[in-house]
Every structure is written in structure tokens, then in C-alpha cells.
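Protein chains in written order, with the numbering used here: chain A, 1 to 257; chain B, 258 to 430; chain C, 431 to 603.
Among the hints, a few may not be true.
Incomplete in silico selection of chain C near chain B, CB under 7 Å [claimed, not checked]:
#1 Phe433
#2 Asn437
#3 Cys441
#4 Val445
#5 Asp447
#6 Ile458
#7 Ala484
#8 Ile485
#9 Asn488
#10 Lys489
#11 Ala498
#12 Leu502
#13 Tyr505
#14 Glu557
Below, simulated PhoX-like cross-link-like pairs (lysine-lysine); rule was C-alpha separation at most 25 Å, straight line [what the hints assert, rightly or not]:
#15 Lys516/C <-> Lys335/B
#16 Lys572/C <-> Lys335/B
#17 Lys466/C <-> Lys572/C
In case anyone wonders, no lab produced these hints; they're calculated from the structure. We treat Cβ as the ideally placed atom computed from N, Cα and C, and that holds for glycine.
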Amino acid sequence: MNNITAVYNGKKISHIPEDLFIPPEYLRIILEEFDGPLDLLLYLIKKQDIDITDLPIFPITEQYMRYISIMENMHFELAADYLVMASTLAEIKSKLLLPVESDEDDEEDPRANLIKRLLEYQKYKNASERLEEIPRNYRDFYVVTNAIDYQKSIIIETPDIKIEQLKHAFMDVLKRAEIFSTHNIQSETLSVRERMTIILSLVKDNENIEFERLFNIKEGRLGVIVSFLAILELVKESLIDIIQNKSLSKIYISVKK
Amino acid sequence: MSFSLENIIECLLLVSDEPLSSNQILKILDNAKYNKKKIEDAIDKLNRQYESKAIFINKVASGYRFQAKSGLETYISKLKDKSSNKFSKAFLETIAIIAYKQPVTRGDIENIRGIAVNSNIIRTLLELEWVKVVGHRDSPGKPELFATTTKFLDYFNKNKLSELPEISEVESL
Amino acid sequence: MSFSLENIIECLLLVSDEPLSSNQILKILDNAKYNKKKIEDAIDKLNRQYESKAIFINKVASGYRFQAKSGLETYISKLKDKSSNKFSKAFLETIAIIAYKQPVTRGDIENIRGIAVNSNIIRTLLELEWVKVVGHRDSPGKPELFATTTKFLDYFNKNKLSELPEISEVESL
Chain A
1 MNNITAVYNG KKISHIPEDL FIPPEYLRII LEEFDGPLDL LLYLIKKQDI DITDLPIFPI
61 TEQYMRYISI MENMHFELAA DYLVMASTLA EIKSKLLLPV ESDEDDEEDP RANLIKRLLE
121 YQKYKNASER LEEIPRNYRD FYVVTNAIDY QKSIIIETPD IKIEQLKHAF MDVLKRAEIF
181 STHNIQSETL SVRERMTIIL SLVKDNENIE FERLFNIKEG RLGVIVSFLA ILELVKESLI
241 DIIQNKSLSK IYISVKK
Chain B
258 MSFSLENIIE CLLLVSDEPL SSNQILKILD NAKYNKKKIE DAIDKLNRQY ESKAIFINKV
318 ASGYRFQAKS GLETYISKLK DKSSNKFSKA FLETIAIIAY KQPVTRGDIE NIRGIAVNSN
378 IIRTLLELEW VKVVGHRDSP GKPELFATTT KFLDYFNKNK LSELPEISEV ESL
Chain C
431 MSFSLENIIE CLLLVSDEPL SSNQILKILD NAKYNKKKIE DAIDKLNRQY ESKAIFINKV
491 ASGYRFQAKS GLETYISKLK DKSSNKFSKA FLETIAIIAY KQPVTRGDIE NIRGIAVNSN
551 IIRTLLELEW VKVVGHRDSP GKPELFATTT KFLDYFNKNK LSELPEISEV ESL
């Protein structure tokens, strides 16, 4: 985190003013910029312009804790890793406070491991900055792919998929997306989805279509309900328009223009 | 190095994902010395250069586009089959989302999967005719709405979409 | 109409979504009269034909592909949407760790970055085929070991991993 820049009220701000009131929305922008506790620590250290091998653990810990408490006060969803780092810092601090016994002076500096981690992380941050700079496709040079059409006679072999695989794939996706709680997919939904596709195709081919033509009495009550739900869903997703010129006149459905 | 108009047009048509009309090309060049006639002449000239080649520039409804001449179908089939990603998890998830949540846009699929949609997968699905474009959503960019086809159902030996396996809440737990 | 080897290769490279190696081309042609040397010579010949053109055939890690020569960026940038190649800091750091420290596990990446790896980043990298699983570490849970692919190198126009920028140990900030 070398340069944080946020624009607040039209002014560019690149560091958090020490004792000024920080408007919460601006602070949020700054905090969201940090990619984890090591990133935050590196920022705090760089801001002080100090030699990392001489890491002043007391002021850094204090500042780190201040950021953490600001984030918590703002109900910022704090990754557990930030708290782990807080306890690591506290542990180092307490070790440093213990009196050093003279015959144990080859014992490792309690800060050593943290300093090593910070340097290691900085190394890969540098690497990622180099990667950001080197030429890449569609930004610095242009690759020609799939540049030409070919005759329709090209045959693509059909993949071998079992229907159960399809179902499991969809369930995996739903689980991952955690949208299951808000979207209850029931057996009926699919018939509505299918009807939506049929209606869309019909409407696409004919400019306007009479509302009644979307229903087939032979399908019985359930079929009519499916069509009706499909129409409502299409309207809700703003895919079609329902048009009636005056009351009691014919109702038409058309593609949303 | 400066390029002739023909070479610039050739490069633009090859790099572009979509056919380009002469008006689009003029807009990109943004130079008063070119006009529609000059673009068309340049394309004619390119096609004469390509006489012995296996490629040519074809005029389709939305503009000019490179196409393969006939004769190399067996090679191209082998090539396309290899790169279609048909057996990947991404392929399966994409067709599953289209089937169960149709009609959907690319953006919808990306939102659900949390990751960008691979263009090859959509293209393969369209080429297999498992999926078709049924309309456009009325939102910025007018994205295409994808839905499954009867060919897709035929493959699974089903008559209706509602015959696909049900997704129930209980099973997801 | 029959085409010369050069014309066939030109057409195949243009139709393909991905770079083609000489071995892949040989496999598609499936004809004993061709060999690797002949493919390479044909590509050299094509590139000589393209001398005054704005395109050329470039060799990257996974094979040969067409690219635009530099000079037309202002035009081409009007054609292409660049949003798809902006990466987040977290994404770049993750791929940098995998590239420079491979093979690595998720845990290794988390140790270095000090924060949990976002699953979507790993999934995106696997789907882009920039990263693949090359094995499992012999430690509890047998975590997957990730390494970069030739496709990752292709994206950055490199032939070998050693062509990536060198990085050195950091001793001070």
C-alpha cells in the first residue's frame, strides 16, 4: 500500500490526517484499500519512514489497534486475520517488556518473525507491481483470435453429459452463490421458465401478439396459470410490454423496445 | 512504420470480434481523407490479394468479416472440437444455469457463478444449438437473453423443460 | 481448390481461439508428408509475406498466434473493451505468488499475504487456465499444489517463466 488516494469533496487525499475528524465514508474508502493486516502494517511502517529491521513495535501496535477499533466502530466487516495480527502484536509487545536475562542473549528477537513476513510480503507485492507493468494482451498488444467465421458444415461433437450432472452442477452453483434462501426453486418454476422462453420467441417473431393467443384452453387451468405467471415474470424482468389502448379493448403483448 | 489503408483495414477486421461496417471503419480511422468508397475499394483490393489464400473478406448483414473458404472443413472441425471446453465444470454450470433460470443474460450467469463467462462456452452452446437467443433485456447495452432449445431437451430425451430433475431445497442441505 | 501449406496454416491460426504449436498443427493435418521443420518454414515464409502488413505470427509459450504489429493501438483501442483486463490487487498478488514461488498451496499464499484467499480468485485463475493443479503436498489434508500454465505466459507475451521480470529479496522498505 504505497499510495492510497481517495477523493473526498473533490480533494485528493493520500494519507489519513492524524488528528482530524475523518468523515466515515472517506475512511471506508481508505480501509477497503487494505488487503489484509500485513498490508495495513506495511502502510503504517512506510508512513513513519523507519527502518523495518528496527521495527518500533509499541507505536506501530498502538496505531494498528486504533485502525482496528475504528473499523469495528464502523461495523466494518473485519476479517478474522486482522484480529489474529492484533494478538500477534500484543504477544510481541509483552515479550519485549519481559526483562532479558543476560545469558540468553542469543535468543531470537520476538519481532524477527513478523519482520521476515513483512519483507516476504513486500517482495511479492513488488512482483505483482512488475506484473501489472509488463505488456499484456488487449492493453499493450493485441492478439488475433477466432478471427474468421467458418462454414456451418463444421461439426462439433456433442458432449457426453448425464442429466443428473446438470442438476448437480446447478445445485453446486446455487450453494456457492448462497442465493438459495432468497430463490426457492420449486418444480413449477421450470414450467414457468419454459413458458417464458416460448412466449418470448412468439413475441419476437410477431411484432405484437394478442394476449389471449398466449393461452391454450386445452392445457386446462394449470396451463393457463403457468402462462399467466410466465407473463407476469416477463413483465417483472422488463422483457415484454403489455399494451391496451383503451379500457376493455384488446390487450397486446410486445417485446420491450 | 506506417501502414496502407488496406493493411489497416485487414488488421482491424482481424482483431475485431464483430463484423465491421464501412461506417464503423471510417469512424475508427477518424480522418477526412477516407470515405466509404475508399474503404470498399481497399476491401476489394485485399480480396484480390487473397485469391490463392484460404481466407477472404465477406460482406454480411452487419458489415465485413473474414471467412474461411470451403475446402478446409475437416481441419477446422478438428481444431474447433479440441478447444470447445465441452467437458469442463464451467461448461456444465453454464448450461445448467441457462436451463434452470432461463431466460438469462451473460451478466446473470456471471452474477450467479461469481466469475466471468468464457465466450467459447457460449459459442459452443450456440453452435450445438442447445441454446438460442430469445430476446434482449431492456437494460444498458441491451444484453442478449439466452434460453435452451428443443434440441437440448432432445439430447436428454425430454419433451419439456419441466421434466428436468427437480431442484428441491431439502436436497441442497 | 487446393491450398498450399502456408495458406492452410494461416487459415488455421486465424480460426483458432488459442495459439497452436507445430505439433498441434501436424496432428490436425494428419499427413506424413509434413513435419515440424516444414511447419516452421511455412510460418517464416508467411511472416516474410506480412512484412508490410500490420499483422504477424508470433511465437509464445503455447504456440503460434497472430498479433497486431505496434502502431495501430489508437485505432484498435476503439474496438476493444478493456475492462476485462483490469485486475484487482489481490488477484495480481495471488498470481504473482503462484508464478514466482510455484508450486504453492492455498495455505502458502495465505501465509504470505496474511489473509484468507478469496475462492473466486483461485476459481478464476483455474478457469482462465492460467493456473493448474500439479499435485498435492504430502502434508495433512493433502492440499493442492498450484503452478502457472503456458496460457498465463501467452497472456503476457512470454515464452518461458524465466522471461518474467526478475524479483529480488527485500531488505528494507
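Hint check results:
Checking Phe433/C against chain B by beta carbon gives a least distance of about 5 Å; that is within 7 Å, so the hint holds. With a cut of 7 Å, the hint placing Asn437/C at the interface with chain B holds, because the nearest CB-to-CB distance is about 5 Å. Satisfaction of the interface hint for Cys441/C is found here, the shortest Cβ-Cβ separation to chain B being roughly 4 Å, below the 7 Å cut-off. Because the smallest distance between the Cβ of Val445/C and any Cβ of chain B comes to about 6 Å, under 7 Å, the interface hint for this residue holds.
Proximity of Asp447/C to chain B holds as hinted, the smallest CB-CB distance being about 5 Å (cut-off 7 Å). Proximity of Ile458/C to chain B holds as hinted, the smallest CB-CB distance being about 5 Å (cut-off 7 Å). Hint on Ala484/C holds. Least Cβ distance to chain B is approximately 4 Å, under the 7 Å limit. Proximity of Ile485/C to chain B holds as hinted, the smallest CB-CB distance being about 5 Å (cut-off 7 Å).
The beta carbon of Asn488/C comes no nearer than 13 Å to any beta carbon in chain B, farther than 7 Å, and the hint placing it at the interface is violated. Restraint check, Lys489/C versus chain B: the minimum CB separation of about 18 Å is more than 7 Å; hint violated. With 7 Å as the threshold, the beta carbon of Ala498/C comes within range of chain B, its nearest partner Cβ sitting at about 5 Å, so the hint holds. Against a cut-off of 7 Å between C-beta atoms, the interface hint on Leu502/C holds, since the closest Cβ of chain B lies about 6 Å away.
Given the 7 Å rule on beta carbons, the hint for Tyr505/C holds: about 5 Å separates it from the nearest Cβ of chain B. The interface hint given for Glu557/C holds, since its Cβ lies 5 Å from the closest Cβ of chain B, which is under the 7 Å cut-off. Annotation: proposed proximity of Lys516/C to Lys335/B is violated, straight-line Cα distance about 33 Å (limit 25 Å). For a cut-off of 25 Å, the pair hint linking Lys572/C to Lys335/B is broken: about 38 Å separates their Cα positions.
Among the hinted pairs, Lys466/C with Lys572/C is inconsistent with the structure: their alpha-carbon atoms are about 40 Å apart, more than 25 Å.
Hint compliance for this structure: hints 9, 10, 15, 16, 17 are not met, and every other hint is.
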